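S.K.: Construct the entire structure; sequences and hints are all you get.
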Amino acid sequence: MHRHNWRMYVGLSLRNPRKTGTPAPPRLGEFLVGMAARLAPFALLLTAACLAQNALQPRTVSWREAQDQFRANNLELLAGKVTIDEARADETTAFLRPNPNLTLGWDQLTPFHSDPYQPVAQSYLFWSLDYLHERQHKRELRLASAQKQTAITAQAQVDLERNLMFNLRDAFVRVMQAKAVASLAKENLDYYDKVLAINKDRFNAGAIARVDFDRLELQRVQYESDLATAQVNVRTAKIDLQALLRDKTPVDQFDVADKFDFQEPLTTIEELRAFARDNRPDLRQAALALEKARTDHQLAVANGSTDPTFGIDFAHQPKPLNSYMGFSINFPLRIFDKNQGEKLHTQLDIGRNERLRDAADVAVVHDVDSAYATLQGAIAILRPYRSKYLKQADNVRTTIAFSYEHGAASLLDFLDAQSQYRSTQLSYLNMIGACLSAANQVNFAVGSEVIR
7 MHRHNWRMYV GLSLRNPRKT GTPAPPRLGE FLVGMAARLA PFALLLTAAC
57 LAQNALQPRT VSWREAQDQF RANNLELLAG KVTIDEARAD ETTAFLRPNP
107 NLTLGWDQLT PFHSDPYQPV AQSYLFWSLD YLHERQHKRE LRLASAQKQT
157 AITAQAQVDL ERNLMFNLRD AFVRVMQAKA VASLAKENLD YYDKVLAINK
207 DRFNAGAIAR VDFDRLELQR VQYESDLATA QVNVRTAKID LQALLRDKTP
257 VDQFDVADKF DFQEPLTTIE ELRAFARDNR PDLRQAALAL EKARTDHQLA
307 VANGSTDPTF GIDFAHQPKP LNSYMGFSIN FPLRIFDKNQ GEKLHTQLDI
357 GRNERLRDAA DVAVVHDVDS AYATLQGAIA ILRPYRSKYL KQADNVRTTI
407 AFSYEHGAAS LLDFLDAQSQ YRSTQLSYLN MIGACLSAAN QVNFAVGSEV
457 IR
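Position in the sequence shown counted from 1, then plus 6, gives you my numbering.
Please note that the accuracy of each hint is not assured.
Result set (PhoX-like, lysine-lysine): computed pairs, CA atoms no more than 20 Å apart in a straight line [unchecked claim]:
#, residue 1, residue 2
1, Lys87, Lys192
2, Lys144, Lys349
3, Lys87, Lys154
Think of the hints as simulated: they come from the structure by calculation, not from any bench. Computed from a prediction, not measured in an experiment: that's the story for all the values here.
M.R.: This is how it looks when you write it as structure tokens:
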């Protein structure tokens, strides 16, 4: 009987309660306000829980996403793009024609004429227009030189990106390596805690001496120290990477997504050399500088030629001449200055840029060979770890641990097996990091990401 039919109350709420003689049912607005007041705390709690869940979700960045973010935020790269735009603006200036010259005048004034005094009686107005005509394709050569300078600037921007991407990849690899080392340290600590639990039962049962159990517990400090150091290294590596990315995400909510592993490349040294000669931006820049030097020499020769100035003039004089017009051509006599110094300078500059291009080619081959040798050396060390050492270390640890738990091995043998396993696993991770760093060096030497 205490349950109310709210639908009926809603319908009756429009009636006048004084006519019915019964208590007035609750109005719809009052009901909704009451329900909202009751549900408000639950809504706040739900919103807070959603916000907390979103805040705890880490921001994971892959290598491709890191590259895109770096290109979008790096100030040096953004400034370099402005330099390219400035070079294109210089192309417009280089291809401009000379401006014509307009001369307006009022001539034959006689301010000192006194008989009769008519200072402007014989005066007349005139104007002239002249234009310098450039011969020997000077405008076209200036434009070609400016365009080659733009291409050089663009290759310099690519080379800047190549250097910065090398630093970014190195920081990214260090984060992945630090995470792998921290995961290994956590795994070793968890495994050792299980060993301690087993040996504590043995100690309570009187199977091992007190001093042996204490030595086991003291060895745990090493694993705790490894984990603490690895966690600090992870945090530091993330901070360095975020500084390069200009990422303001809290360090605890920032992470990288790529797998820490290395696969041997199938590319040969000959392919890398050929690829580097085609893609290294500094080598392209040296080749473009040589082409620009040759164009500049052609421009210097053209600037030594004579450019005529064509002119036309009009005037109106008093009688008997009245209006007249005239034409003129002005030829500078290039007797002494034939642009000899600039011709010699640009000719010498061609030889200098030829040597710089050859030096850049030698440097490219040297960089590729050196980086490839480093990579092959790191791979040669990594191979036996994958094929033999990791499995041997795990077998030794498992066998010695079983033997020690059954009294067939000494405590010293057990601790030594644990140390060997730990050092082998850590060396393996360091070898992967060394291979990834060497691959990064190869990509840097080649000028493109050929090894991932």
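S.K.: Now tell me if each hint is right for this structure.
M.R.: Tested hints:
1. Lys87 - Lys192: violated (45 Å)
2. Lys144 - Lys349: holds (14 Å)
3. Lys87 - Lys154: holds (16 Å)
Violated hint for the displayed structure: number 1, the only one.
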